[in-house]
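Protein chains in written order, with our numbering: chain P, 1 to 228; chain X, 1 to 255.
No lab work stands behind these hints: they were computed from the structure.
Since the model is a prediction, treat every value here as computed from it, not as a measurement.
Treat each hint with caution, since some may be false.
Here are the simulated DSS-like pairs of lysine-lysine, each with C-alpha atoms no more than 25 Å apart in a straight line [unchecked claim]: (1) Lys5/X / Lys193/P; (2) Lys5/X / Lys203/P; (3) Lys207/X / Lys76/P; (4) Lys193/P / Lys17/X; (5) Lys146/X / Lys226/X; (6) Lys115/X / Lys67/X; (7) Lys5/X / Lys187/P; (8) Lys115/X / Lys187/P; (9) Lys187/P / Lys17/X; (10) Lys69/P / Lys26/P; (11) Lys5/X / Lys131/P.
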Amino acid sequence: MSVSEMFIALQGSLSVDQDVREEIRKVVQTLEQTAREILTLLQGVHQGAGFQDIPKKCQKAREHFGSVKTQLASLKTKFPADQYYRFHEHWRFVLQRLVFLAAFVVYLETETLVTREAVAEILGIEADREKGFHLDIEDYLSGILTFASELSRLAVNSVTAGDYSRPLRISTFINELDSGFRLLNLKNDSLRKRYDGLKYDVKKIEEVVYDLSIRGLNKETSSAGGEK
Amino acid sequence: MISFKSFQLELDTRHDKYERLVKLSRDITIESKRTIFLLHRITSSPNREEILNESEVKLDAVRQKIKQVAQELTGEDMYQFHRAISPGLQEYVEAVSFQYFIKTHSLISAEEINKQLVFTLEEKEETTNTPSSNSHDKQQHTWSLKVTPVDYLLGVADLTGELMRLCISSVGNGDIDTPFELSQFLRQIYDGFTYIGNTGPYEVSKKLYTLKQSLAKVENACYTLKVRGSEIPKHMLADVFSTKADMMDREEGLS
């Protein structure tokens, strides 16, 4: 092959690669849109009135996750199955966001931490790389850390809304989460940076609990109408 | 939480593998660079065959390291660890294409490179630790690594820098044919990169700038040879290319 023939072939393969990425970008945009809708929906729980609607919001969010499933199924078709990490960067951000939203919904429903497998199920993808389009462990962890920040905000707003028991439960939950994260040996990457933010969330929630306990407010749960 | 213990294990395993690959990549880079330095000595050495043979030995050693990389990556998605091995592979492409050019005066193709990166190991049943061996059975393990088109391109771009050096040093040794040949060859490569333009990732476009400079240096060398080559004895050619000040002086003297 002459030099020019080689370069023509190379350009061909680069051009194909660019086309694939363009297709992926289009689907990711639709995913981001749905994620925004879910986020707007769930953000309503921070408002005083929003507390009553929590089950309804969760249900609506679940419906949106149905569209997410469809969109992710479409995404899977845009590239060869064994090249997940070649294009991973394109959907990393939105996938982390979706993990956060799934964790939030599950917490609002059951006050437990959603497992990796459960998130994969909600999104309609696999948990293991071998089985296909999967949820990378670092994306799962990043999403959970974003969720932790959201919880610290929820703790503050719960008090404002008059729910004095929720922050205590959040505090136990987040302390468990923190001890879990402490087991990890992280490298100095974006996950590590996000993890560093966790201690501020823990601190904020501790302060909320402290504020409640010194004023004896946490004993008034029955009269303040603690909600689940 | 118990699940975090398993996360710890998973992350540690992943990070360890990444580190092993980085170390291999560094070894590949160093040995490839040394091969390139060795090959440069060919211009001033009478023993071409010997240098080429030595370079082959070195490159085989590099290929053994690449085999280890391939073994590490068995069952993995190569792209997950690509950033760890990319620099080493680019340097290898540079070295192997340099050797190929010296031997054949042509550009090695990506396919040819990848052909050399298929490793087969035949194991006879002798070993008692193979868990799944039947008696009197030969097991064949194959590992291979494909250099990505981008790594190939980036390696070739670096090759042009070495070819430019080869050009200048060969002139210094009185070889006035190689520069013209190199000029033509580099121009073909430059045309190829121009054709690719911005289709590739940004690293490729960045290399284009250096490539243009290398090409310009070679073209200027050819120009100088053409214009003044016949007027200056060969053993003084090296001086012509060393400093600009020298060239200016000569201009005064030869009017």
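Hint check results:
1. A hinted pair counts as satisfied when its Cα atoms are at most 25 Å apart, and lysine 5/X with lysine 193/P qualifies at roughly 20 Å.
2. Under the criterion of a C-alpha separation no larger than 25 Å, the hint pairing lysine 5/X with lysine 203/P is consistent with the structure, at around 24 Å.
3. This hinted pair does not check out: lysine 207/X and lysine 76/P have alpha carbons roughly 33 Å apart, beyond 25 Å.
4. Proposed proximity of lysine 193/P and lysine 17/X is supported: the alpha carbons are some 22 Å apart, at most 25 Å.
5. Only pairs whose Cα atoms come within 25 Å are accepted, and lysine 146/X paired with lysine 226/X is rejected, the gap being roughly 42 Å.
6. Of the supplied pair hints, the one linking lysine 115/X and lysine 67/X holds, its CA atoms being roughly 13 Å apart against a limit of 25 Å.
7. In summary, the hint linking lysine 5/X to lysine 187/P is supported, as the alpha carbons are separated by about 17 Å, within the 25 Å threshold.
8. Taken as a hint, the lysine 115/X and lysine 187/P pair is broken in the structure, with Cα atoms around 36 Å apart against an allowance of 25 Å.
9. Pair hint lysine 187/P plus lysine 17/X holds up; C-alpha atoms about 13 Å apart against a cutoff of 25 Å.
10. About 16 Å separates the Cα atoms of lysine 69/P and lysine 26/P, which keeps this hinted pair within 25 Å; it holds.
11. For the suggested pair lysine 5/X and lysine 131/P, the alpha carbons sit about 23 Å apart, so the restraint of at most 25 Å is met.
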